[in-house]
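Listed below, chain by chain, are the residues.
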Amino acid sequence: MAQGSDTVRPAAPGTGPAGRVAPRAGGSSPASRRLREELIGWTFALPFLLVFLIFMAGPIIASAVLSFTDFGLRDLRNPLGTDFIGFDNYVALASDPKFQAALFNTAYFVIIGVPLTLAVGLGAAMALDRGIRRFRTLFRVGYYLPVVTSIVAIAVVWRFLLNPDQGLLNMLLATVGINGPNWLGDPTLAMPSIIAMAAWRNLGFAMIVFLAGLQTIPAQLYEAASIDGAGRWQMFRSVTLPLLRPTVLFLVVITTIGYLQLFEEPFVMTDGGPLDRTLSISMYMFQQGFEFFNQGYAAAIAWILFILVAIVAVVQFRLLRSEA
Amino acid sequence: MTANARPAPAGPLRQAIPGAHAEPQGGRSMATIVLYVLLFLGLVLMIGPFLWMVLGSFKPEAEFLQLPPTWLPENPTLGNYERLVERLDFPRYFFNSALIATVVTVANLVFGPMLGYALAKLRFRGKGLLMALVLSTLMLPAAATLVPVFILMSRLELVNTYPGLILPFLALPFGVFLTRQFFLGTPDELLEAARIDGASEFRIFFQIAMPLAAPVLATLGILTFLGSWNGFIYPLIMATSPEMYTLPVALATFATGQFQAFHGMLMAGSVILVVPVLIVFILLQRWITEGIATTGLKG
Numbered sequence: 403m404a405q406g407s408d409t410v411r412p413a414a415p416g417t418g419p420a421g422r423v424a425p426r427a428g429g430s431s432p433a434s435r436r437l438r439e440e441l442i443g444w445t446f447a448l449p450f451l452l453v454f455l456i457f458m459a460g461p462i463i464a465s466a467v468l469s470f471t472d473f474g475l476r477d478l479r480n481p482l483g484t485d486f487i488g489f490d491n492y493v494a495l496a497s498d499p500k501f502q503a504a505l506f507n508t509a510y511f512v513i514i515g516v517p518l519t520l521a522v523g524l525g526a527a528m529a530l531d532r533g534i535r536r537f538r539t540l541f542r543v544g545y546y547l548p549v550v551t552s553i554v555a556i557a558v559v560w561r562f563l564l565n566p567d568q569g570l571l572n573m574l575l576a577t578v579g580i581n582g583p584n585w586l587g588d589p590t591l592a593m594p595s596i597i598a599m600a601a602w603r604n605l606g607f608a609m610i611v612f613l614a615g616l617q618t619i620p621a622q623l624y625e626a627a628s629i630d631g632a633g634r635w636q637m638f639r640s641v642t643l644p645l646l647r648p649t650v651l652f653l654v655v656i657t658t659i660g661y662l663q664l665f666e667e668p669f670v671m672t673d674g675g676p677l678d679r680t681l682s683i684s685m686y687m688f689q690q691g692f693e694f695f696n697q698g699y700a701a702a703i704a705w706i707l708f709i710l711v712a713i714v715a716v717v718q719f720r721l722l723r724s725e726a
Numbered sequence: 002m003t004a005n006a007r008p009a010p011a012g013p014l015r016q017a018i019p020g021a022h023a024e025p026q027g028g029r030s031m032a033t034i035v036l037y038v039l040l041f042l043g044l045v046l047m048i049g050p051f052l053w054m055v056l057g058s059f060k061p062e063a064e065f066l067q068l069p070p071t072w073l074p075e076n077p078t079l080g081n082y083e084r085l086v087e088r089l090d091f092p093r094y095f096f097n098s099a100l101i102a103t104v105v106t107v108a109n110l111v112f113g114p115m116l117g118y119a120l121a122k123l124r125f126r127g128k129g130l131l132m133a134l135v136l137s138t139l140m141l142p143a144a145a146t147l148v149p150v151f152i153l154m155s156r157l158e159l160v161n162t163y164p165g166l167i168l169p170f171l172a173l174p175f176g177v178f179l180t181r182q183f184f185l186g187t188p189d190e191l192l193e194a195a196r197i198d199g200a201s202e203f204r205i206f207f208q209i210a211m212p213l214a215a216p217v218l219a220t221l222g223i224l225t226f227l228g229s230w231n232g233f234i235y236p237l238i239m240a241t242s243p244e245m246y247t248l249p250v251a252l253a254t255f256a257t258g259q260f261q262a263f264h265g266m267l268m269a270g271s272v273i274l275v276v277p278v279l280i281v282f283i284l285l286q287r288w289i290t291e292g293i294a295t296t297g298l299k300g
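Note that the protein sequences, when read in sequence, are chains U and L.
Convert by adding 402 to the 1-based position in the first sequence; the result is the number in our numbering.
Convert by adding 1 to the 1-based position in the second sequence; the result is the number in our numbering.
Please note that a few of the clues may not be correct.
Label-pair ranges, simulated between beta-carbon atoms [claimed, not checked]:
1) L/Val276 with U/Arg535: 30 to 38 angstroms
2) U/Ile713 with L/Pro69: 26 to 34 angstroms
3) L/Thr103 with U/Ala509: 53 to 61 angstroms
4) L/Phe41 with U/Pro594: 23 to 31 angstroms
5) U/Thr590 with L/Leu130: 43 to 51 angstroms
6) U/Glu440 with L/Ala215: 26 to 34 angstroms
7) U/Ala509 with L/Ala133: 43 to 51 angstroms
Just a few of them, taken from the derived set where beta-carbon distance is under 8 angstroms, the chain L residues facing chain U [as the list claims (entries may be wrong)]:
8) Leu52
9) Phe65
10) Pro70
11) Leu116
12) Leu134
13) Leu147
14) Val177
15) Ser242
16) Gln259
17) Phe260
18) Ala262
19) Phe282
20) Leu285
Calculated from the structure, these hints are not laboratory results.
Note that CB positions come from ideal geometry on N, CA and C, so glycine has one too.
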């Protein structure tokens, strides 16, 4: 990992060109200079380290501990009154129909949403990379707009867009004689509607990353393939896709991790309904922890989410390493 | 090491290619025209909702109940915005969002590069461990730490205060990662020359390394600001009374509560939340998309 510095300052004192030898600062013995370097390094690391310990590592561990307790509202004043209840929270979760619904819905969102987002993003990227010459910046910026905007605002606007009576979508459908459904009110359509919105919001990000990946593919490869008589589909399968593998992998992982945390969309658009069909893991965690104040139970849900994300991240790490 | 395997092409790789990466084959064939048509339709889909939002924010409420609905406002009004300011406290929410995002951004512009620089250019024990910590927290889900952080903040009596809303975001791993990638490519001669002149490591960092990093700092600043401005779940639990709401929390609270049927007001609220960001993005889009393309990460 430290490849940077290892290659950067190879010279042991006395071996390198003049400049490398014993910088004046610190002066004295090599041992004290060494100590100074350690001190400087850790001083530079201090702010991150504090935030890391207090707000990341500490809470993750605390979350694990809490998940074995019945911590609730009363314990906020007196944390010592909390009781350890072993695996009770996890046992309860296993048979909690709402949690099962949340798991299922989140999986549904990820399994359909990730490939959809990436496929559309890749299509747009390929069109911009090799298909057209003009208006590239316009498309790039336009397709990326939703990525930088607040999901809450987007969800508010889309809730009106998808409104069965006054929404823009059904109004447009009506002009071609179709009686549009109640997108967010229908149990079978609610999640697909949210997936469509998420893909709409995030495809620009996939497109930008794919574009960067596509631009590393030398044109000669396409030329060689076309001399060999390869068609468009063959070129895509045997040139583009294999060379984009690391990009695809990276996007799958980062999009999956993002989508596993689905929260704002159901919070604003459906409140988890209808019939819990859009209740997500994060949303259920929020309800348990901050609406019902079952914080021990919420911590157990949070830990399960954390484990899911960690698994995806580790898989990515392994795959990328096996690639190198 | 993960960093090395990132898919994104760094500068030099890209520069090697343009000659080879010739312009697209498409002349004026049918396929090219179809492609343009599809891309323009896509563009309409991407921008349409924003246009509808902006137009809707100028419509009086009655116009939303009209059938068939209108596209352009028939009786344009500023009433929705007036109500946001007079009946609700949107200037305050805007101020909260701007204050929090500014403090978080400035802090990350100092603390991120500090460690990023140390990891790339200084020699000390435990560096590998620190790098592993940075990488492992890069994708930490916010929801996973919410409950204990809330308990901690309530013990410290920081719930519903600015420090409570700001502290956990002062030194995010993203800034460390992004700047480390940059500093790996900084030539050592520059730093070494300053060392020989007797400059302290802190002076070298602030007066030599930081100015060199200006482009990556621009990207980091914009992405951090956006992340904070748009952040939702954390301020949602931490801002417990309206005067501490950020814009997204205020908008979501009103959209799911007493104002849920008020189309015009909610669209005006969305405009206030979104339009400043869109303007900044369009002006600075190069920094954002380049930054994302070269790191393969968003803020």
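Checked hints:
A hinted range of 30 to 38 angstroms holds for the C-beta pair L/Val276 and U/Arg535, which are about 31 angstroms apart. The given range of 26 to 34 angstroms is broken by U/Ile713 and L/Pro69, whose C-beta atoms sit roughly 50 angstroms from each other. Remark: the range hint 53 to 61 angstroms for L/Thr103 to U/Ala509 is contradicted by a beta-carbon distance near 39 angstroms. L/Phe41 and U/Pro594 have their C-beta atoms about 25 angstroms apart, which keeps the hinted 23 to 31 angstroms range intact.
Distance hint check: the CB atoms of U/Thr590 and L/Leu130 are about 49 angstroms apart, consistent with the given range 43 to 51 angstroms. Checked against the hint of 26 to 34 angstroms, the C-beta distance between U/Glu440 and L/Ala215 comes to roughly 29 angstroms, which is consistent with it. Separated by about 29 angstroms at the C-beta atoms, U/Ala509 and L/Ala133 break the suggested range of 43 to 51 angstroms. With its C-beta approaching chain U no nearer than about 10 angstroms, L/Leu52 sits outside the 8 angstroms limit, and its interface hint is violated.
Hint status for L/Phe65 relative to chain U: holds, with the closest Cβ pair at about 6 angstroms, below 8 angstroms. Restraint check, L/Pro70 versus chain U: the minimum CB separation of about 5 angstroms is within 8 angstroms; hint holds. A least Cβ separation of about 5 angstroms between L/Leu116 and chain U falls short of the 8 angstroms threshold, and the interface hint therefore holds. About 6 angstroms separates the beta-carbon of L/Leu134 from the nearest beta-carbon of chain U, less than 8 angstroms, and the hint is met.
With its C-beta approaching chain U no nearer than about 7 angstroms, L/Leu147 sits inside the 8 angstroms limit, and its interface hint holds. With its C-beta approaching chain U no nearer than about 6 angstroms, L/Val177 sits inside the 8 angstroms limit, and its interface hint holds. For L/Ser242, the interface hint is violated, the least distance from its beta-carbon to any beta-carbon of chain U being 14 angstroms, above 8 angstroms. For the restraint placing L/Gln259 at the interface with chain U, the shortest Cβ-Cβ distance is roughly 14 angstroms, beyond the 8 angstroms limit, so the hint is violated.
Against a cut-off of 8 angstroms between C-beta atoms, the interface hint on L/Phe260 is violated, since the closest Cβ of chain U lies about 10 angstroms away. Look at L/Ala262: its Cβ only gets to about 10 angstroms from chain U, farther than 8 angstroms, so that hint breaks. Proximity of L/Phe282 to chain U holds as hinted, the smallest CB-CB distance being about 5 angstroms (cut-off 8 angstroms). For L/Leu285, the interface hint is violated, the least distance from its beta-carbon to any beta-carbon of chain U being 10 angstroms, above 8 angstroms.
Hints 2, 3, 7, 8, 15, 16, 17, 18, 20 from the earlier list are contradicted by this structure; the remaining hints agree with it.
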